[in-house]
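Asker: Sequences are here, hints too, so could you generate the full structure?
Quick mapping for you: the protein sequence lines, in order, are chains W and H. Every letter in the first sequence is one number past the one before it in this note's numbering, and letter 24, counting from 1, is 24. Throughout, this note's numbering is defined as the position within the second sequence, counted from one, plus 1000.
Hints were generated in silico from the structure; no laboratory data involved. Hints are supplied without guarantee of correctness; some may be wrong.
Covered stretches of chain H (in silico footprint by chain W; criterion: 3 or more residues with CB under 8 Å from a CB of chain W, positions within the stretch not fixed) [as the list claims (entries may be wrong)]: (1) 1011–1025; (2) 1034–1042; (3) 1062–1072.
Positions of the beta carbon are idealized from the N, C-alpha and C atoms, including for glycine.
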Amino acid sequence: MNACTVCKRLTPKERCDVCGNPTSSNWSGLLIITDPEESELAKELNITIPGEYCLRVR
Amino acid sequence: MEDTNNSIYALKTSVGQERNVARLLSRKAQVSGIGISAILVPESLKGYILVESSTKIDLRNPDLKVQHLRGVVEGKHGITFEEAKRFLKPEPIISSIQKG
Ligand SMILES: [Zn+2]
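Answerer: This is how it looks when you write it as structure tokens:
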């Protein structure tokens, strides 16, 4: 799995599905957002799309 | 302070299975309509994951039966959003060290 270097979304691809930026395999921490409208943690990171995100990416 | 009815629950997992448990739990949450909105797996917490939920996490609920999920940490004060949010920040440990 890779992580988007900009929005931190996880994807197996070379580019992010959502923002199109390059991804990296060097990431750590995992945040799964199932309901962004209800999640305070999602709001803290301005995440509006459900899915898997990393906490740190290089 | 927060405009939410959600709470953060610390769940105990087998060490090394944190991500797997989180993924299985997120799938279960979506099909069963349990009030889980986010699951956090900080690398620094071995054997634990943090779950944001609007309903109390009760592992007797068959919808929450997940392999390698060991239990809910029952604490007097629980975990605050402030504490959980610290794991979202890039340098949670360094910034909390007191110089003295
Ligand atoms: Zn992206």
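Asker: Hint by hint, say whether it matches the structure.
Answerer: Structure-based check of all given hints:
Counting residues of the segment 1011–1025 of chain H whose C-beta lies closer than 8 Å to any C-beta of chain W gives 4; at least three are required, and the coverage claim holds. With 8 residues carrying a beta carbon less than 8 Å from a beta carbon of chain W, the segment 1034–1042 of chain H meets the three-residue requirement, and the given coverage holds. Only residues whose beta carbon comes within less than 8 Å of a beta carbon in chain W count, and the segment 1062–1072 of chain H has 0; fewer than three means the coverage is violated.
Checked against the numbered hints above, the structure breaks only hint 3 and satisfies the rest.
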